[in-house]
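In the order they appear, the protein sequences are chains Z and F. Residue numbers for the first sequence follow this note's numbering, so the first one is 82 and each next one is one higher. Residue numbers for the second sequence follow this note's numbering, so the first one is 138 and each next one is one higher.
Hints are computed from structural coordinates only; laboratory data are not their basis. Note that beta-carbon positions come from the ideal geometry of N, C-alpha and C, so glycine has one too. Hints may contain errors.
Chain Z stretches covered by chain F per the calculated footprint, using a threshold of three residues with CB under 8 Å from any CB of chain F [to be verified]:
#1 336 to 345
#2 389 to 398
#3 437 to 444
#4 503 to 515
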Amino acid sequence: MVDLHWASMSELARMIATKTVSPVEVVRAHLDRIASLDGQLRAYITVCEDAALQAARAAEAAVVSGQPLGPLHGVPYALKDLYDTAGVRTTGGSRILAERVPARDATVAQRLGAAGAILLGKLNMAEFAYGPEGLNPHYGHARNPWDGGVHRLAGGSSSGAGAAVAAGLAAGALGSDTGGSIRIPASLCGITGLKPTYGRVSRAGVLPLAWSLDHVGPMTRTAVDCALMLGAMAGYDAADASSSVLPVPDYVAALTGEIKGLRVGLLGGVFLDGAAPGVRAAVRAAAATLASAGAAVDEVRLERTDLVAAAATAIVGAEALAYHGEWLRTRAAEYDPAIARRLRVGAFIGGAQYVRAQRVRALVREDVDAALARRDVLLAPGTPIAAPALDERQPMLGDGPADVRAALIRFTRPFNLSGHPACAVPCGFTAAGLPIGMQLVGRPFDEVTVLRAADAFQRLTDFHARRPVLA
Amino acid sequence: MTADTVDLDTLRRVACLAGFAWTDTELDDLRPLVEETQHLLRALDTVPLGDAEPVTQYRAV
Numbered sequence: 082m083v084d085l086h087w088a089s090m091s092e093l094a095r096m097i098a099t100k101t102v103s104p105v106e107v108v109r110a111h112l113d114r115i116a117s118l119d120g121q122l123r124a125y126i127t128v129c130e131d132a133a134l135q136a137a138r139a140a141e142a143a144v145v146s147g148q149p150l151g152p153l154h155g156v157p158y159a160l161k162d163l164y165d166t167a168g169v170r171t172t173g174g175s176r177i178l179a180e181r182v183p184a185r186d187a188t189v190a191q192r193l194g195a196a197g198a199i200l201l202g203k204l205n206m207a208e209f210a211y212g213p214e215g216l217n218p219h220y221g222h223a224r225n226p227w228d229g230g231v232h233r234l235a236g237g238s239s240s241g242a243g244a245a246v247a248a249g250l251a252a253g254a255l256g257s258d259t260g261g262s263i264r265i266p267a268s269l270c271g272i273t274g275l276k277p278t279y280g281r282v283s284r285a286g287v288l289p290l291a292w293s294l295d296h297v298g299p300m301t302r303t304a305v306d307c308a309l310m311l312g313a314m315a316g317y318d319a320a321d322a323s324s325s326v327l328p329v330p331d332y333v334a335a336l337t338g339e340i341k342g343l344r345v346g347l348l349g350g351v352f353l354d355g356a357a358p359g360v361r362a363a364v365r366a367a368a369a370t371l372a373s374a375g376a377a378v379d380e381v382r383l384e385r386t387d388l389v390a391a392a393a394t395a396i397v398g399a400e401a402l403a404y405h406g407e408w409l410r411t412r413a414a415e416y417d418p419a420i421a422r423r424l425r426v427g428a429f430i431g432g433a434q435y436v437r438a439q440r441v442r443a444l445v446r447e448d449v450d451a452a453l454a455r456r457d458v459l460l461a462p463g464t465p466i467a468a469p470a471l472d473e474r475q476p477m478l479g480d481g482p483a484d485v486r487a488a489l490i491r492f493t494r495p496f497n498l499s500g501h502p503a504c505a506v507p508c509g510f511t512a513a514g515l516p517i518g519m520q521l522v523g524r525p526f527d528e529v530t531v532l533r534a535a536d537a538f539q540r541l542t543d544f545h546a547r548r549p550v551l552a
Numbered sequence: 138m139t140a141d142t143v144d145l146d147t148l149r150r151v152a153c154l155a156g157f158a159w160t161d162t163e164l165d166d167l168r169p170l171v172e173e174t175q176h177l178l179r180a181l182d183t184v185p186l187g188d189a190e191p192v193t194q195y196r197a198v
């Protein structure tokens, strides 16, 4: 039998439904793994041991009595600690909300629970999701499981989710992505992470960083599991005005492995020139792999990437200040000083600058739409570098050194502005044994094609199946 | 003061208008980041936006 902590969500669901394993065994295996490894990984802020075991016993009883089972029945997962959970504290990785206990679940937590998933706990993250490194001085920095003795960034802001899923401390997790916070840790930790189309998944009950850029999505070890989680939580929610009424397709059924004739646009320009040589080579090799399976690959450029940093800075700065303004007046000392400093800068961004940035966003979106007009997906690196050391401030990119924060969000942020779905997928390893991630970007609400391409790639390669060695 | 430099008095007045009572030390600490941000945002001023409207989401059809 497979180690239960390494089994995928879809394997676990199947084994539970066929009574091959009990949900209690599965949850216990994950809790044991957390107990033995989380002291070094710091992936969790709160572990819900008693509630998870109680839910597992109820799930076991439902299997035994022959009740109808949801698609994730008995499968354990974890939430980035910015999803509201009834009766379980939701800190946002902050001291300010350290004792905050919501009265109700976020919509996605409700939906995953209704599908049978069992919550293991709440995951570490950058304070209030404001940082792609994923560092957190309040709860300790989540550590990349692949660091091999050097303490490396898990990537953020969903750093605990990246570390937990990569290390077998959760079968799957939910992250959130404002500038890359699902795809960056997925790339650095060697897992699969999907940022769905803006509006595909409800944000109700999720602490915001920047409302108009925040996306909710799954982080798992396979594209199949992303499809499974997405199917369970996507769809209209009256509690989120931005959620779409479009019907939710059967994502798992769409994963046929067939990509013959799929039109793939390899993003050139800064997306290749700006990546470290090893990352560039891995992504080019991935394009060749897709072509070998029948995909038609060509190279394409986005023309407005030069505007992305300015537009995103104005939008995130202004929206984050709007959310944090009162705490900055009354509880500033409780923030990490570096986060407080970044938040305060939002006070100097003018209303006209903010609106101009939102107008620029329309151009960025048109640019991505144009690249996809005659292609089904776009292919690019997830991050320009593999996981940097915790104290590395100026990593070397393909086109010179860069500030680590700017480097990490360089390739992901355009698709937060544009709203297109984008999935990070492991596509190689550096000479030092660190994961390399690529991203597949699709048309709005066409997560089916993105996931089909990601799954087909995973049927052709084993990068997603490799595991870090942990003491 | 050049286009990309911001003096302390300006920071003080803008912060005050926004409702923040930050000390001169705090504002001085922010100054490099504010200047860097304003320099970055100038890129937005040169973009021909035509009739582009602010857009944040895809509308369902």
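With a cut-off of 8 Å between beta carbons, are at least three residues of the region 437 to 444 of chain Z near chain F? holds (count 8)
State whether the coverage of the region 389 to 398 of chain Z by chain F holds or is violated, taking the criterion as 3 or more residues with Cβ-Cβ distances under 8 Å. Three-residue rule met by the region 389 to 398 of chain Z, so holds; n is 6.
Three-residue Cβ test at 8 Å for the coverage of the region 336 to 345 of chain Z by chain F: violated (count 0)
Can you tell me if the region 503 to 515 of chain Z counts as covered by chain F, using C-beta to C-beta distances under 8 Å and a minimum of three residues? It is violated, with 0 qualifying residues against the three required.
Violated hints for the displayed structure, listed by number in ascending order: 1 and 4.
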